[in-house]
Amino acid sequence: MADQPARAQVRSATNRREVNVRAGPGTGLDLLFKAPVGAEGQVLDARPDAVENGFQGKVYQWLRLRFEDGREGWVRDDLLDLLPGDFSAVGYGHVQTPIHAFSLIRDLSAAPPVPEPPAPEPVDPVEPREMIGCAAIVIGARGAINVRSGPGQNHPVVLQYLRGTRVSVLEVRADSAGGPLRWVRADHQGRMGWVREDLLSFRGDDCVALDLFTPGLYPAPFAPGEYWWIRGFTGPQPDHPGWDLGALQSEPVLAGAAGVVLTSFQAAKVTAERPRTIDHGLTLGDPRVFSDPGWGFGYGHYVIVRYTSELLPEATRRVLAERGMAGAGVAVMYAHLHARSVEAGAMLAAGQTIGLCGTTGNSEAPHLHLEVRAIRNPAETGWARMRDGLIEPGVLFNR
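Each residue of the sequence shown is one higher than the one before, starting from 73 at the first, in this note's numbering.
Honestly, the hints are just simulated from the structure, not real lab data.
Predicted model only: the values in this text are computed from it and were never measured.
A few of these clues could be false.
[Said to hold, decoys possible] The calculated SDA-like cross-link candidates involving lysine to any residue, where the alpha carbons are at most 25 Å apart (straight line), are:
hint, residue 1, residue 2
1, K106, A437
2, K130, R143
3, K130, I209
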């Protein structure tokens, strides 16, 4: 009898009734839905973890499944059992009895040949330059970002990088179409192209020479690799007055440095079942929300932390002095939280958890709104009265 088609089943695990199904082979990629223990699906593909995460020296493999309800997505191999069938196409051979996928080693030597993908359009020629050691991590909003043949949206896409991919930076250029953001020529294992600078998080002093990283600034308020870029600062409302960083629901939000909690606000109209304004029939961005304290003036649950001047990075103090605000501190709002972990008056340590990422108030999906305002008067506690001190978060935080 011919082998059955390749199928896998979500396996039982301690304290786990369901598993995450993602948009690609890595935990840094978008969460599509959750599949319950026992759910089965046809195996369509298998790939190693996008950033080579593993356990006890073995890199995780990810399997793309089509579940019985028609939905598709990627599940890590330690969360799956392979059912009897022919898995030769994905490197597992013929499976005779149910077996934990993580216990197997993929062998693609006997797999059917895979057609070569079409060759990408060539990258615009550039003068060879010595790699200077600047590293970056892809933090694009979707599961993968487009990599282009030149420094601008007007150049064709030649390949993609998965979110969480670590790349080496070769050079930086202005947008060829005159846009405000620069473009980075990046390399990942010989796969090179141009990426917009806001889709990368830069690491280390080697990026200083390219003006991509400022030593001493606070790190982004999530653990590395656990967030993605959504949009940046464009100005005071009605523009966008801060950064939006996406993360999974309940991902810990971390303080930048030692500081004092000015406000820890719980929006009264937020409920567990209906945390967002749109859950109450309001249009996203309804102007009535921004004057309603029941919605936290649109911010939902939020925490405001004050960092006094002596705690600020030298680069931040320098920018404030250039703007006529020497000696000023700053207040940072961490908004749309699912829950708050600190109370007003608390003294924070660097990296302390101040709350959990959520989607409360004027929000569509889990993310952190990060907004920064300079404070001339160290005794000031009113957020609205700090409005004139609004500054771009990049003055204080590295992405």
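* Indices of hints not satisfied (ascending) -> 2
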